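Chemist: As they're listed, the protein sequences go chains A, B and C.
Mapping to this note's numbering: the first sequence position 264 is 266, numbers consecutive.
Mapping to this note's numbering: the second sequence position 217 is 219, numbers consecutive.
Mapping to this note's numbering: the third sequence position 192 is 194, numbers consecutive.
Treat the hints with caution; some may be incorrect.
A pair counts as met if it fits within one copy or between any two copies, since identical chains are not told apart.
Straight-line Cα separation of at most 30 Å, DSS-like style, residue types lysine-lysine; simulated pairs [unchecked claim]:
hint : residue 1 : residue 2
1    : 132       : 359
2    : 74        : 125
3    : 125       : 254
4    : 74        : 132
5    : 125       : 359
6    : 359       : 74
7    : 390       : 34
8    : 254       : 132
9    : 359       : 34
10   : 254       : 359
11   : 390       : 132
12   : 125       : 390
No lab work stands behind these hints, which were simulated from the structure alone.
Since we're looking at a predicted model, the values are computed, not measured.
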Amino acid sequence: MQSSGEESHSGCAYGRPVHTHDAELTEVGPGKPCGEFLRRYWHPVGLSRLVTTRPQNVRILCEDLILFRDGKGRAGLLTPRCAHRGASLYYGKVDDEGIRCCYHGWRFDVQGRCNDQPCEPDKGAAHRDKVRQPWYPVEERYGLVFAYMGPPARKPVLPRWDVLEELDEGETVLAHLTSYGAGTQDDLSEIAPWNWLQDWENIMDPHHVAVLHTSFSGAQFAPEMGIMPDVHWEYTDLGMRFIAYRNLPDGKVMERYSPCLFPNVRSVPDVYMQTGRTKRMRWCVPVDDTHHRHFNAMRVPADFNGHDGLRGRTVGDRIWADMTEAEHQEFPHDWEAQIGQGPISLHSEEHLASADKGVVMLRRLMRQQIRIVQQGGDPIGVTFDPDKALNRVGAGNYLQGTYQETKR
Amino acid sequence: MQSSGEESHSGCAYGRPVHTHDAELTEVGPGKPCGEFLRRYWHPVGLSRLVTTRPQNVRILCEDLILFRDGKGRAGLLTPRCAHRGASLYYGKVDDEGIRCCYHGWRFDVQGRCNDQPCEPDKGAAHRDKVRQPWYPVEERYGLVFAYMGPPARKPVLPRWDVLEELDEGETVLAHLTSYGAGTQDDLSEIAPWNWLQDWENIMDPHHVAVLHTSFSGAQFAPEMGIMPDVHWEYTDLGMRFIAYRNLPDGKVMERYSPCLFPNVRSVPDVYMQTGRTKRMRWCVPVDDTHHRHFNAMRVPADFNGHDGLRGRTVGDRIWADMTEAEHQEFPHDWEAQIGQGPISLHSEEHLASADKGVVMLRRLMRQQIRIVQQGGDPIGVTFDPDKALNRVGAGNYLQGTYQETKR
Amino acid sequence: MQSSGEESHSGCAYGRPVHTHDAELTEVGPGKPCGEFLRRYWHPVGLSRLVTTRPQNVRILCEDLILFRDGKGRAGLLTPRCAHRGASLYYGKVDDEGIRCCYHGWRFDVQGRCNDQPCEPDKGAAHRDKVRQPWYPVEERYGLVFAYMGPPARKPVLPRWDVLEELDEGETVLAHLTSYGAGTQDDLSEIAPWNWLQDWENIMDPHHVAVLHTSFSGAQFAPEMGIMPDVHWEYTDLGMRFIAYRNLPDGKVMERYSPCLFPNVRSVPDVYMQTGRTKRMRWCVPVDDTHHRHFNAMRVPADFNGHDGLRGRTVGDRIWADMTEAEHQEFPHDWEAQIGQGPISLHSEEHLASADKGVVMLRRLMRQQIRIVQQGGDPIGVTFDPDKALNRVGAGNYLQGTYQETKR
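If we strip away everything but chain A, and leave its shape as in the complex, we get:
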């Protein structure tokens, strides 16, 4: 045997190790470290205007649930399998007093109490209080239905966000489901088939804008977003944020304040470089370990009529879902960069560099907070005092020297 030269084959793929994902930060099911951490916060699970007496299936944090609104207007979130004999409440009928299973007609109110059993003597009066359909508390705000899926004794107040509370003259708040635009034309609840962390950590990574969104695919945002920024990252009392400094062609400096509001809320400053505070909030909600979806709320003029513009990204006049495979390769966007990492990225094979400092800090804070929850504590940003419910987002584009900090 005569080698053709081992030296010249360094780095060859043969014999490379098998790599794995970081389970502590990515797996969201009940009992999982990250799953229990996330369950200490309220999460949007539906758009208020789409929650009706017609039951809908939702999957959140690896749990399948039924979302509906009873005849008196109360939203309900129950487990789908009827406590009686397991038929799905998806086929149930909703009235003023709750949702009724199609099989034997047991009816449950929005807190899972069984208040009718039509096939039982006296409608089940003697025993039906022994039955409780598992349920989660919900509250509505900003046009979204929020659920709390954690331990009841640790239920925080549903936070308020100044961005959506302090409206300008003639503004209102609109909730919507805009996302990557990679769903079908009619699918308003696009579910992205990869782990939520890939999207969440992307927010603390402003450098990719100059590559992915500019030099690669043409300027997908304002041309000035393609200027490689100087970036400062820092922890805040709600999570962390970056400030990206860009030297504009006119000699001015644009400061871009962009926060990660734990555990999964962002408020990205306008990507067309409009100055001032942000208008938009986005929640990145894990569906399960390998899927996530987005919920949004934003200030709009009261006469806003641009729902179509909220459907997601486009190439020409087509949404992302309608691009050819070649176009996906030619004009990659967040969808391609993130789905390319796989259902759950393999963190053990990464090589992080200086531009990844924000990602490193984000993961460090997440791990710390996950462990706080494991040790019985309450994680960053939750409060149980209704007087402290208002959160200051502090996001926006500002010319140097014009930003005013507002602390929570």
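Following the hints, position chains B and C against chain A.
Modeler: For chains B and C alone, kept in the frame of chain A given last:
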């Protein structure tokens, strides 16, 4: 930390246990308790008129098999992988003497004997009797091909059913594959994607008729079927049955006799309340742990020409498969009630009540019979004496006082 | 209990054992015995003319890889997940110096060296040599891109084959992807969904031609191919071969020389019985344990314009993929015979006979060579001496007495 009130969150879904199915009653593969119990009976595996020299794949009790009829008219049921080198007999050619594998031409008769090996010296005469394609015995009756898939020494006689033996003037027996109607328009062998027990135990549950089939979806059967019945359940020498008593608007009492004939045969009385003995038998045959299918035989007038009416349930003039998702939610039927329980229902989370007495009794008898088989005995309803092959079904609608019991 | 006769039920399918595949000969992933054996050879992974600056996904030997050609014409084969943070290089952009990840712009050359990191200070000059994208060496010949995926120190020379080197006047070599024809009309890289061994061992099995390709489906090749041959199998210094002798109607004897060139190369003599040496070579490349694909190279006239004729088998004027299910059953071909064996055949239930001698010998040699590799040796047919790269194929149809052996 300040709790928002644990008291008000009782029954909350957080921390609920993980639930499981009852494996003893649901899993049907070889060696499984329920699988061995079911294997002590004959099961329909095909419609005689559709079993031809063109081989067809069938899956029954978790076993993949090839069903065909040889050129002399004998039905055969063999394992699909050729004993030679594993090519599928689905691509085989059938002649008077058996089925021949496409790869090297080995031919097997309906009992698996290898009677030709064209690539071997002298057609394999010296060795081919060492090869046996695994096979199951079949018999035909009522237009159905029945198979016995259990231990040879325990093979019972193929039962006869009085409902299909004692014909009225001008009647004949028709076999068909009518089922939920949720298959495609052309699929005559609809396979329902859930465990057979969900369908089987539904038969001992007459109360659901007043809800699912009446108040929920409008009267899918006779309006009188919506009257909540008084129900009496009892064990019989072939399994069990219920008698449902309904007080009709005219002051009369309708008695509805409906049996479960073990292990998987029913004879549901006419759902349009026509009086008299039943005309129909239905077998619920497990395909595997998460699928089942139906075979039917019924008395019809000799000039019956209503095959289209046997395709299954309809909404308006469309079959179940063509309904919209919203219509499935609005007009649920057995299909929705049963598929909603999942591939295999999670029995550990059920809350059974008084109307479920029939289900409780059915499961108790099944468990008892399963254990009898495990202990070496023969289960209920089997006989090895051809003179005792006739079973009395005893099903029908009768005005009070008109029912005549006929024992087996 | 009274048995209906155990005697008459011998060979019944009840209680038959669960069967398994031969893992040593079939599983091809890294570290698996057969996988390591195969990794000691070069394998085609792409068609040179289709390898461009647009990256393509390929899956070979259970490994997902990215194949591309840089702006200077060099083919590259890299792992798909960017060494930085895992985005797929499938969405990368290729230039003269390599492929650049879409997410942060890291660029890798065809040997995985990182030569740009645009978001890092000084383009990552200080640290980027610490990063290496895992890669495999490739070479191009006969219009194919070959990769070596084994241990670098054992990399053999890429073999030459006389069939493709010694051209007749006016001939050229054409590479193509013709296969079973069961892919879609536009799919030029048909991936067959079963283990490669089912196809590979089929080559040492000339008897099936007289059944599958003749008596079963009508003469799919020359009618004379239906004559049951006398077959002699023997080992060679490149693997093994058979010589099939057929007594032609005119009294002559046709000798058919057909080799297995280890580990996965064949050169089947003309199936229309044209005499002379073969024109075609085919590589059967495992995609993973349950899929394989074909690469071909053949001598053609320089003005050859028959690419359409290379698309695969046809029935009438339709390709295999467009046949009805009934036609697949009526006219089975290699596709049906092989896919019928399942994703991986169950070797423990086979009954091999005298016509399977070639299959037995092939498996024996494979097992021997697999174990040689496990014990640190080099397997049959590899050479590290460029002067010994030329392999003599020795395949063709010859009238008795006209064959001239040419040893390697």
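Chemist: Now tell me if each hint is right for this structure.
Modeler: Going through the hints against the structure:
1. 132 <-> 359: So residue 132 and residue 359 pass the 30 Å test across copies only (18 Å; inside, 54 Å).
2. 74 <-> 125: Answer is within; shortest intra-copy Cα gap is 22 Å, inter-copy 62 Å.
3. 125 <-> 254: between (74 Å within a copy, 25 Å between copies)
4. 74 <-> 132: within (25 Å within a copy, 64 Å between copies)
5. 125 <-> 359: between (62 Å within a copy, 16 Å between copies)
6. 359 <-> 74: neither (50 Å within a copy, 35 Å between copies)
7. 390 <-> 34: within (29 Å within a copy, 59 Å between copies)
8. 254 <-> 132: neither (69 Å within a copy, 37 Å between copies)
9. 359 <-> 34: For residue 359 and residue 34, the Cα distance is within 30 Å only inside one copy (26 Å; across copies 39 Å).
10. 254 <-> 359: Answer is within: at 26 Å inside a copy they meet the 30 Å cutoff, but 80 Å across does not.
11. 390 <-> 132: neither (38 Å within a copy, 48 Å between copies)
12. 125 <-> 390: Neither. Shortest intra-copy (45 Å) and inter-copy (46 Å) distances fail the 30 Å Cα cut-off.
Going down the numbered hints, you'll see the structure goes against 6, 8, 11, 12, while the others check out.
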